[in-house]
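Kindly produce the complete structure, drawing on both the sequences and the hints.
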Amino acid sequence: MARLSRARLGDGAPALVLIVLAALLPAVVSTEYVLLAASMIVTMLVAVSFNLLLGYTGMFSFGQAAFYGLGAYTTALLLNHTGASFYPALGAAIAIAVLAGLLSGAALVGLEPIAFIMLTFALGDLLEFLAEHLHGLTGGDSGLIVSLPRSLNVIADVNGVYYVMLAAATVALAVAFAFVKTTPGLAVRGIREDPLRARTLGIAVNRRRLGVFTLSAGIAAVGGGLSVLSAQIVYPDVFDWRVSANALIITLIGGVGLFSGPVLGAVLLGLIDFYVGRLTTDTLLVEGGLLLAVILVAPRGVTALWRGGAAR
Amino acid sequence: MSFVTFVDQLFAGLSLAFVLFFSAAGLNLVWGVLGVMNFAAGSVYMLGAYMATSVVGRLGTSTGGWIAALIAVPVTLAAAGAVVEVLLLRRTYREQDENRQFMLTLALSYLVAGVVLLVFGTHFRTVSLPGFLSGGLNVLGATLPAYTIVTIVLGLLVTAAIWGLTYGTRVGLLTRAAVDDREMLGALGVDVNRLYTAVFAFGIGLGALGGVLIAPQGAVTTNLETTALVPAFIVVVTGGLGNMTGALLASLAIGVLQSFATLQDTTLAQLTPYAVMTVVLLARAVAGRRGLSIVFSPRKASPASPPAAG
Amino acid sequence: MALEEMMAFTTVVRTRGSNEMKKTHRARKSASKGRSKVLAGCALVTILALVGAGCGSSGSGSSSRSLAAGAPIKIGYLASLTGFCSTFSQEYVKGAELAVKQVNARGGVLGHPLRLIVRDDKATPNVGVSQARDLVLSDDVKYLAGTCSSAVAKSVTQLVSNPSHVLYSVGVADPSVFSGGPDSYAFDTIPTATIEGDNAAAYVRAHPRWKRVAVISEDYSYGYQVTAAFKAAMAGSGQQIISQDYVPSGGSDYSSYIDKLIAEHPDVVYSTVITEDTVTLVKQALPLGLFKHAKYFGILDYGTIDAMAQPPVGAYGYTYYPSASIYHTPFSADLQTLGTAVANGGAAGDAFNQIQIIAQGIADAHSTDPTAVRDALGGATVQTVQGNVKIHKCNHLIAMPIAMGPVVGKTAAQPFAHFEPLRLVDTNGYFKC
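Residue numbers (numbering that gives the first Met the number 0), protein chains in the order written: chain A, 0 to 311; chain B, 0 to 309; chain C, 0 to 432.
Possibly wrong hints are sitting among the right ones.
Claimed, not checked - From the structure, some residues in chain C lie toward chain B, with a derived Cβ separation under 8 Å:
#: 1; residue: Y245
#: 2; residue: G249
#: 3; residue: D252
#: 4; residue: S254
What the hints assert, rightly or not - If we take Cβ atoms under 7 Å as the criterion, some of the chain A residues that face chain C in the derived model are:
#: 5; residue: G139
#: 6; residue: D140
#: 7; residue: S141
#: 8; residue: Y234
#: 9; residue: T280
To be verified - DEER-style ranges, computed between Cβ atoms:
#: 10; chain 1: B; residue 1: V82; chain 2: A; residue 2: P148; range: 38 to 46 Å
#: 11; chain 1: B; residue 1: T266; chain 2: C; residue 2: G313; range: 50 to 58 Å
#: 12; chain 1: B; residue 1: V118; chain 2: A; residue 2: L125; range: 33 to 41 Å
#: 13; chain 1: A; residue 1: L98; chain 2: C; residue 2: G313; range: 53 to 61 Å
#: 14; chain 1: B; residue 1: R57; chain 2: A; residue 2: D156; range: 58 to 66 Å
#: 15; chain 1: C; residue 1: G180; chain 2: A; residue 2: R241; range: 47 to 55 Å
Quick caveat, the hints were computed from the structure, so don't treat them as lab data.
C-beta atoms are modelled at their ideal positions from N, C-alpha and C, and glycine is treated no differently.
The structure is reproduced here in structure tokens:
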């Protein structure tokens, strides 16, 4: 455990470097790349929330889409119906996702892994079903157009919106980082390594798991809330299991269990998606091939790959 | 509800049940024995359906054409599955690396979908049945499509065959042993690699068979991949990993319940698979906590956790 | 430029990767100090690739507004090559390509050739908007067309009308896409769900013996919109709507839905279940005997009924795609020269019209400025595959005729399943401008 605590201190550094660079981005690149970076911020938050679960507690959740979508719809609905400004709306969305995470987590975290995977998956699908069918509230699959003040209109002020997103994401990342570097986070890590041993050491395994599940729900909700800014419209597919699967791909590409893994993974997958979609219409073939290449070349994720290089 | 409506709806439930069963059977076998969650199972199913349209399209919609498709397509895809297993999947077993397996099968599903688009194009394909299978039979005043009878019989045969293979042959014995302890079996001199290749190929063949069977039932589109994959996972998990009888029972429960739910509300009926799965999983968890044994106990899969890094 | 740098970037990752692979296996336990440095390095490389790519293309992005003489007019085409409505996407692309080919064979528009840039929107709003945005920003596209998804169209319409001023020509059924009024830059090329439902109700009203009507639709917004319009237009007819049911889009087994319909004893089933789902519905309804119990009336395009081994002869169908007027015509022969079999024809005709409308608008406006083109198209009569059709100024909806009639099998004159007698409904009456 002591070995773990020291060895992990450095793995937040790349994320920090990336945030600094991201802050400089609008000065050097044109609008479409700022928008690309904005979309990476969103996917990165979901992936970080996913990695908190898989990488630090060993819980494989297909439910990140549920909390991401809750964040998006709550933010959008509050902006549309209450005249709230963005940050309070985002805050309320996080609160609701955290509450949902707490309630669903209480029922789920003690289950065996397969049941946990499938029921977190079902949670997202159930919410997607509701979003598709509660036309009065969500507009169904026609989507919910979000009314944003001009200062938050991504078309009118790309950089302004981008910095709002970056700032909120930085706070969320800092919270996640603080968690994994302090005692509760390390205890949780012990659970992943050996749940039985952790339990005999007196760690309340399921309570810790519930804590991480709830935190991760909150972070996914930040991603959802921010997606409202860049997309300006919310569809039921925010709850789709592909959102969670995408978080998984990002985490695995980047490196599971490393704080910066999903951060780098989101940048890499964002770039792949962006360029492949523009270079070819055979996106499935190319993306499938690239994924296969990544698995063969970097089975532990690109972050681990570089780490291996460093060891020499 | 009149008696005829009841029987009609029951038949519709059976039809749905066997569609579900065939989408799940291959996934079930591979997951249960090899511990691999094959995310390409939906793609195999879709590819099987597309290949059936081209085999039957070439040979004609006679009985002969269909029998050829029912044999050639699963065998071809099983062979392709064996190659994939040897070249790619095999290297992931030793470390029980579920994450890598997930990425691998996901990448394969992209590739298969990409190839299908390239070869068959985006437009849907249709293929029809021999005349004697395209009608309906009057049973107790209700209508039972002849083709539903075929899928029911084939479904029962497949279940019985797998049951027989598992409990009545040496290969089945070894497979069961491999599920319990792969390393030990290897140490005893059994060629576990070959066994795994065979099981994987068989699973892929089963998935392809499901695709061939669905092809004449509607339009063959790329949507088949996802419309098959999600319910297949639900059926497998509900029935218990690797348990073919369990998968059959789960399919029947979901199919028949969903059919009757449709009578009440066509929209809410779509939630039936989730409802059944949730009830079964929670009941199993509660029973497990109380030390009760359940009708079919699932394979104890290792948690989907990453290998210890650092 | 941008592409080359991306390529260079991936090559870096790959070659590094293959060198390091074995080492990773051997030396998994590494020192944390060096690790974070290299991690930071990785981050830097990635960001630099992004920055480099951005710089590379930012120069070309903002060129002058007016087009140089003879320079191509770029049209971005969103094709849903993957995703739920992908089945017609290749036809859409071929139809658009045919239009471009024909316009260019005539010498282009105002001396400019047309150039089509096709992108896959995956039938997903986020992807569609991102592609559209990139076409506008990176490729300096002033004209967009395509998508089969109303959700994508809605997102793109939001993008194009403010403040980009990009003209968008698209055939989707959701009327809310075209709620922007005369100032909107979005133009419709097919009847909306509202017009479709209204028209279907008129047809059912014309058959007073259909007293009990069961409605079956797709379980998404299109199905709900048509059903709502149909119900509203049926009010006071004396004919009873006994049920409204929704089938999941892309389902593979509809038997329980069909049995439910049979159990309701309708005189007619009005179906707005579309394309491949119609095939599945009809194929499974035949052995279950639905067509013996009730009349079937619904959206059926020529390609779809012709693709069924047993077309639902005796059913009544309509199509808002132009398929009825172009199936097995010189138009479809032209399409086949581009290497596609016209399975439906309607989708290809629709895409052809989308491009054709843009070309005519530019010619009529004597300008390549989208705002001028928009003003020229509002209220104009445009040439389409189906003949001359009016675009209404107040809402940019097109008065595309709806083809309908009883389904018959192959005949000597028309060797494919079709409507006979064919009736073309003038939809001009449905516009309240």
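Each hint tested on the structure:
1. Hint on C/Y245 holds. Least Cβ distance to chain B is approximately 5 Å, under the 8 Å limit.
2. About 4 Å separates the beta-carbon of C/G249 from the nearest beta-carbon of chain B, less than 8 Å, and the hint is met.
3. A cut of 8 Å between beta carbons decides the hint on C/D252: the least distance to chain B is about 5 Å, and the hint holds.
4. Hint status for C/S254: holds, given a least beta-carbon distance of 4 Å to chain B, under 8 Å.
5. For A/G139, the interface hint holds, the least distance from its beta-carbon to any beta-carbon of chain C being 5 Å, beneath 7 Å.
6. Interface hint status for A/D140: upheld, as the beta-carbon distance to the closest one in chain C is roughly 5 Å, under 7 Å.
7. At its closest, the beta carbon of A/S141 sits 4 Å from a beta carbon of chain C; the interface hint therefore holds under the 7 Å criterion.
8. The interface hint given for A/Y234 is met, as the beta carbon of that residue sits about 5 Å from the closest beta carbon of chain C, less than 7 Å.
9. Interface hint status for A/T280: upheld, as the beta-carbon distance to the closest one in chain C is roughly 5 Å, under 7 Å.
10. In this structure the supplied range 38 to 46 Å is violated for B/V82 paired with A/P148, their Cβ-Cβ distance being about 58 Å.
11. Restraint check, B/T266 to C/G313: a C-beta distance of roughly 30 Å breaks the suggested window 50 to 58 Å.
12. Restraint check, B/V118 to A/L125: a C-beta distance of roughly 36 Å satisfies the suggested window 33 to 41 Å.
13. Range check, A/L98 to C/G313: about 56 Å between beta-carbon atoms, so the 53 to 61 Å window is met.
14. Separation of B/R57 from A/D156 is about 59 Å and conforms to the stated range, judged on CB atoms against 58 to 66 Å.
15. In this structure the supplied range 47 to 55 Å is violated for C/G180 paired with A/R241, their Cβ-Cβ distance being about 36 Å.
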